[in-house]
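One letter stands for each residue in the lines below.
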Amino acid sequence: MSVITYRQALHDALRSEMLRDENVFLIGEEIGLFEGSYKITAGMLAEFGPKRVRDTPIAEEGFTGAAIGAAMLGLRPVVEIMTINFSLLALDQIVNHAAKIYGMFGGQAKVPMVIRTPGGGGQQLGATHSQNIELYYAFVPGMKVVAPSNPADAKALMLAAIRDDDPVLVLENLALYNTKGEVYDEDVPAEIGKAKITREGSDITVVAYSRMAAVALQVAEQLAESDGIDVEVVDLRSLRPLDRATIIASVQKTNCAVVLEDDWLTYGIGAEIAATISDGAFDWLDAPVRRVAMAEVPLPYAKPLETAALPSADDAITAIRQTLDAVARRR
Amino acid sequence: MSVITYRQALHDALRSEMLRDENVFLIGEEIGLFEGSYKITAGMLAEFGPKRVRDTPIAEEGFTGAAIGAAMLGLRPVVEIMTINFSLLALDQIVNHAAKIYGMFGGQAKVPMVIRTPGGGGQQLGATHSQNIELYYAFVPGMKVVAPSNPADAKALMLAAIRDDDPVLVLENLALYNTKGEVYDEDVPAEIGKAKITREGSDITVVAYSRMAAVALQVAEQLAESDGIDVEVVDLRSLRPLDRATIIASVQKTNCAVVLEDDWLTYGIGAEIAATISDGAFDWLDAPVRRVAMAEVPLPYAKPLETAALPSADDAITAIRQTLDAVARRR
Amino acid sequence: MPSSAPARTADKSMTRSRRKISANTEPPTVSDEQLVAFYRQMVLIRRFEERAARAYTEAKIGGYCHLNLGEEATVAGLMAALDDSDYVFTNYREHGYAIARGIGPERVMAELYGRADGVSRGWGGSMHMFDIASRFMGGYGIVGGQLPLATGAALAIDYRGGSEAVMCLMGDGTTNIGAFHECLNIAALWNLPIVYVVINNGLGMGTTVEQSSAEPELYKRASSYRMPSARVDGNDPVAVHEAAKAALAGARAGKPYLLEAVSGRLKGHSVVDPAKYRSKEEAEALKAADPIAAYAVRLHEQGLLTDELITEIDAAAAATVAAAAEFADASPHPEVSTLFDYTYATPVPNDSRRLPGDALFPAAPRPTVQQIGASA
Amino acid sequence: MPSSAPARTADKSMTRSRRKISANTEPPTVSDEQLVAFYRQMVLIRRFEERAARAYTEAKIGGYCHLNLGEEATVAGLMAALDDSDYVFTNYREHGYAIARGIGPERVMAELYGRADGVSRGWGGSMHMFDIASRFMGGYGIVGGQLPLATGAALAIDYRGGSEAVMCLMGDGTTNIGAFHECLNIAALWNLPIVYVVINNGLGMGTTVEQSSAEPELYKRASSYRMPSARVDGNDPVAVHEAAKAALAGARAGKPYLLEAVSGRLKGHSVVDPAKYRSKEEAEALKAADPIAAYAVRLHEQGLLTDELITEIDAAAAATVAAAAEFADASPHPEVSTLFDYTYATPVPNDSRRLPGDALFPAAPRPTVQQIGASA
Ligand SMILES: Cc1ncc(C[n+]2csc(CCOP(=O)(O)OP(=O)(O)O)c2C)c(N)n1
Ligand SMILES: Cc1ncc(C[n+]2csc(CCOP(=O)(O)OP(=O)(O)O)c2C)c(N)n1
Ligand SMILES: [Mg+2]
Ligand SMILES: [Mg+2]
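Protein chains in written order, with our numbering: chain G, 1 to 331; chain D, 1 to 331; chain Z, 1 to 376; chain Y, 1 to 376.
No lab work stands behind these hints: they were computed from the structure. A quick note: this is a predicted structure, and the numbers were derived from the prediction, not measured. Warning: the hint list may mix true and false statements.
[Claimed, not checked] With a straight-line cut-off of 16 Å between C-alpha atoms, the simulated EDC-like cross-links for lysine to aspartate or glutamate are:
| hint | chain 1 | residue 1 | chain 2 | residue 2 |
| --- | --- | --- | --- | --- |
| 1 | D | K303 | Z | E335 |
| 2 | Y | K245 | Y | D83 |
| 3 | G | K303 | Y | D329 |
| 4 | D | K39 | Z | D273 |
| 5 | D | K194 | Y | D351 |
| 6 | D | K303 | Z | D329 |
Work out the full structure, taking the sequences as your base and the hints as a guide.
Set out below in structure tokens:
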């Protein structure tokens with residue numbers, strides 16, 4: 001185990017897969033000479049050369065689709081889409097092609113590819129560069145979507161994604177790249193489709209993924225100290241498939257839940273989590289499932305407005321406390 | 001009032017808005033000479049000429065974006081995207097531009113445009129041509145999304161959409177085009193953002209939109225006869241904004257609910273409806289909210305497989321009966 | 001209809017590349033057998049498509065159904081130019097290409113019928129024929145959708161240093177969509193082994209080339225990528241074959257190519273389109289220019305086709321098509337139990353296998369009083 | 001860097017259109033005042049961008065910040081060619097264009113600071129300057145995103161029979177994205193009054209034109225749409241101005257145009273980019289070719305610029321920029337209470353105004369025993 005950043009963990013996973021399997025290659029804008037907009041691929045061009053670290057023109061639809069076609073012939077491309085906002089330009093290729101090819105042709109062609117792309121607001125990048133639209137992928141049968149919240153998962157899920165024979169979107173996060181944590185030095189792929197209890201607790205279940213799953217842990221520690229509240233944290237890790245069993249088991253223990261998400265509330269990822277809990281744990285639930293999510297506006301540039309619109313640790317704390325009050329009122 | 005088809009109602013709304021306001025024009029593929037893939041615009045080119053009924057090259061991103069730009073200058077374009085599946089190619093223009101321009105520039109430019117597009121499976125069109133992805137628009141602040149289930153709403157909501165100063169997506173449905181119903185001869189726009197109780201009932205609330213809202217009414221009549229079950233039907237009509245108050249009021253009366261939707265279950269539109277009900281009507285709910293939705297697969301072409309994957313009236317009936325049983329078990 | 005008369009020579013502005021790859025000026029390299037084989041192929045496709053149209057009206061076939069009627073010479077010429085190891089990507093108008101690529105007509109027909117023996121197991125239908133054995137990499141229904149995929153296949157070949165080539169077919173209307181631009185630029189930039197073929201039938205649904213393309217001489221658009229290109233008479237299988245051979249040779253040498261084959265669409269856009277937007281004269285003119293009739297006359301003059309042979313070929317085609325329809329009719333419908341078999345290639349936990357009427361939590365258990373006591 | 005030396009003449013292959021619109025061969029039509037005005041403009045933009053870079057390091061500005069350093073001659077020449085009634089669409093590298101279009105530098109700086117007096121009320125930031133009064137229709141951060149919008153604005157002008165024109169700016173790297181193709185085709189097909197201008201600074205982030213465009217002489221791509229085009233020296237404001245005037249005249253006459261202006265990007269892609277991918281020599285060469293220095297020498301030789309005037313202009317620019325920064329610093333932050341004011345132009349019921357910490361159903365009431373009895 002070593003303590004490294006989320007960025008380094010992603011880099012290490014990419015590098016060791018490149019070394020392990022020559023069918024694995026990287027493709028995307030500015031990943032080579034520029035070393036990646038967020039430097040995940042730093043040093044890769046120098047080590048592996050332009051054939052395996054392929055800089056592309058600005059043509060998201062073209063190069064993402066080309067990666068799909070290459071995967072159909074057995075290569076294992078790892079596409080970097082600079083931020084998830086730009087992936088909308090490639091969405092037809094991903095949703096109507098990558099996710100459909102295996103089924104539409106009766107299982108004759110696999111699409112073993114990975115799409116790496118960061119989401120995340122809070123950097124004052126404005127309305128079009130700060131979105132969290134993982135929903136667009138998590139909604140689609142044929143896709144797999146993972147969303148690591150810490151360096152260990154970043155490495156383990158990236159390894160699993162590259163070795164998987166289906167199109168996998170790996171949701172990274174701008175605000176997590178510099179966060180640190182313990183990571184196995186060995187290559188130990190995670191299991192796609194499994195959530196993880198990252199903190200055991202008995203009072204309330206907090207369900208989250210990506211950046212908010214990190215916030216959840218921090219909030220849990222804080223509330224344990226300040227209020228003596230024992231929070232259980234479920235880190236989804238995989239948005240598709242969704243591990244409902246782990247979520248329900250936790251809520252059957254705690255009898256209440258709060259969902260934290262960085263996307264918009266209405267129709268967001270949290271809607272499915274809340275619906276799932278309200279259904280599967282119906283008779284265990286002592287209060288409505290509370291969702292903490294972004295304000296439903298195009299994210300403004302001005303810092304005070306941006307801060308007000310984005311979910312924070314304080315918002316999570318408020319939601320947890322109010323939910324426990326609601327439970328108390330009902331017992 | 002006259003009895004006309006859903007197709008005719010859409011046509012009539014478009015035509016009278018074209019006559020009323022010369023800033024209104026139609027743009028899309030094959031809407032003129034070909035008279036529209038589904039003939040909604042039949043006769044329009046002959047009546048209004050090529051300037052106001054503009055046939056485009058196959059370039060969804062280009063012509064949809066051009067409509068947005070024209071709207072910024074005060075025109076009121078009505079874009080036809082042949083089916084919602086193809087709208088993925090224009091999604092960046094719609095989500096990152098049409099829905100952002102008013103907010104991103106501090107309210108200086110409006111985008112008064114309409115995007116008309118049909119969803120719907122069941123026509124053996126296969127995995128890429130049968131999707132229900134209205135979620136992609138309903139999720140986005142800045143967008144408005146309406147989904148008429150009958151000819152009267154088709155006309156009233158289309159009128160409202162064209163007169164609205166924001167980008168509005170009007171979700172049509174292939175299976176509804178030939179359905180008939182009573183429609184006002186006058187132009188009476190509906191209010192965007194309001195759901196409607198299309199059938200009053202006391203036993204259970206069924207929430208649906210578009211094609212499934214029509215199925216809901218049919219199922220309600222059937223169950224009234226066969227089982228004496230009194231179903232209340234809430235037709236959402238507007239997916240964004242979402243009229244939560246009307247849904248909650250109904251469930252507070254019936255104490256249970258079933259959601260019918262034509263899209264995939266996980267993360268689908270119904271997830272928000274179920275989450276909303278489970279939260280807002282928490283203390284009124286006597287059973288989990290049941291969702292009836294499409295099987296989570298790329299829709300196959302073969303008829304038996306397609307039929308098995310799509311939600312039917314029988315599925316709705318099963319869900320309603322089982323939900324009422326669940327209520328009985330708990331009382 | 002295309003603006004300028006089809007020519008058999010490569011674009012003059014492409015001399016640099018022509019010297020290297022154009023075989024068009026050399027004497028025909030096609031054997032007599034091949035010349036007759038083209039005819040056989042064309043007739044078979046014609047009969048197959050006519051049968052498909054009938055089966056559609058008989059409701060044996062559903063969804064959309066786009067035919068190659070009028071395109072037979074192009075189909076025969078292009079597919080014969082490929083090596084077995086080459087890859088083909090097409091749009092949704094691909095029945096003929098699938099057959100000419102060597103896929104059994106009965107398996108293509110079975111796919112149209114949505115049966116288990118269909119080339120895509122009944123999952124794809126008319127628009128989505130796929131056969132890995134013949135490297136027929138799929139028909140695609142999203143206009144332009146096949147271009148990035150085909151470009152990526154060429155990238156994979158290049159990545160492995162292979163000698164195969166990719167042929168990517170598209171219609172004239174498809175040259176106006178963004179993917180066309182992004183892909184041709186990428187292919188030229190990276191010297192990928194791919195030939196893009198524009199099947200110019202003069203129409204995209206009801207829209208003419210002039211109404212949709214500001215440069216209606218579509219092959220000229222290759223110049224935006226310094227890519228060699230040419231326009232060829234799509235009604236002449238020999239011309240198409242030679243032009244395709246030359247283009248493929250260049251592609252294998254790292255020079256992607258844009259080939260435009262000009263022919264006519266004899267019927268509507270799809271089986272259900274009456275093509276009202278087309279004048280009587282246009283329709284007549286098309287019939288008059290029927291590539292099969294014209295090619296028959298030509299072979300006749302060359303003494304390669306006798307009336308007997310014509311009858312024999314017709315009968316053979318009719319028999320093959322009839323057998324294909326019988327096979328399709330006899331083939332079983334896919335089992336509903338297979339509905340969830342092709343969502344993922346790598347199984348993972350928690351994959352949804354719920355049917356629309358199923359509850360998300362089937363037997364959602366209820367807590368015992370003890371449990372509630374315990375947890376509360 | 002672009003492959004071929006910039007030329008002031010229009011593309012030879014475009015003679016038909018050249019006769020109609022190229023003014024480049026005629027003697028300069030620019031007055032002495034204008035020549036000096038260009039210099040003032042260029043210096044102001046240079047100082048403004050240097051100040052913006054400083055403010056960014058002082059954390060007064062957040063997000064991404066792309067500067068026009070090296071592009072000043074192009075900015076001055078292009079904006080001076082427009083009529084007040086014309087419309088401008090740009091990408092995210094637009095501070096200079098906003099100022100040259102007549103927007104007060106203080107309002108542009110206030111936008112960078114994210115303040116209420118900013119040109120976009122603080123909602124847009126560096127990438128999203130918009131001012132309806134000067135018909136500056138926005139900077140856009142999605143590469144290529146402004147092209148369809150600008151094309152649609154031209155469509156609206158044509159729809160109303162207006163005489164205005166649209167100028168749509170983009171970078172060299174942007175010519176490889178699908179929207180470029182779709183839009184130029186549509187504009188040419190419909191004869192829209194629009195001039196597309198490619199600001200060729202040789203790089204898209206760290207990628208050269210040769211690495212990204214198979215036809216690196218970008219203006220030639222107009223031929224795919226039979227659209228007239230030309231390449232011009234972007235370091236010469238007079239040449240840019242004349243070429244733009246000619247292009248706009250053609251556009252107003254229904255002949256859309258593609259103009260390529262070649263200049264250099266003096267610094268990194270954005271303020272935070274050290275541009276390590278660029279060799280020392282390249283950086284040196286760029287400094288040597290600094291358009292402002294070169295233009296100063298030229299005006300000096302023409303006797304239009306004295307050392308005194310240079311000092312005066314420098315001082316004036318410095319003062320304007322200092323005042324802009326002061327104004328920005330003094331401007332209030334937008335009120336959080338305005339967060340929900342710009343989601344919709346037409347208010348509708350049930351629009352969400354929930355803050356992240358708010359409950360969806362704030363005081364979710366609980367039923368009284370009676371209610372439950374009644375309803376159960
Ligand atoms: C992205 C997209 N837009 C629109 C359609 C509807 N559509 C199907 S075929 C077609 C015309 C295509 O014309 P062309 O490329 O000339 O091919 P052809 O049908 O003539 O063979 C259109 C518009 C589609 N399938 N995909
Ligand atoms: C669709 C999309 N892809 C990628 C990016 C990231 N990006 C921002 S600027 C840029 C380079 C653009 O280069 P060019 O068009 O030459 O403009 P320049 O920055 O040189 O002015 C890229 C790739 C983006 N903003 N949008
Ligand atoms: Mg065609
Ligand atoms: Mg550039």
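Outcome of the hint check:
no.: 1; hint: D:K303 to Z:E335; verdict: holds (11 Å)
no.: 2; hint: Y:K245 to Y:D83; verdict: holds (10 Å)
no.: 3; hint: G:K303 to Y:D329; verdict: holds (14 Å)
no.: 4; hint: D:K39 to Z:D273; verdict: holds (12 Å)
no.: 5; hint: D:K194 to Y:D351; verdict: holds (11 Å)
no.: 6; hint: D:K303 to Z:D329; verdict: holds (14 Å)
Checked against the numbered hints above, the structure violates none of them.
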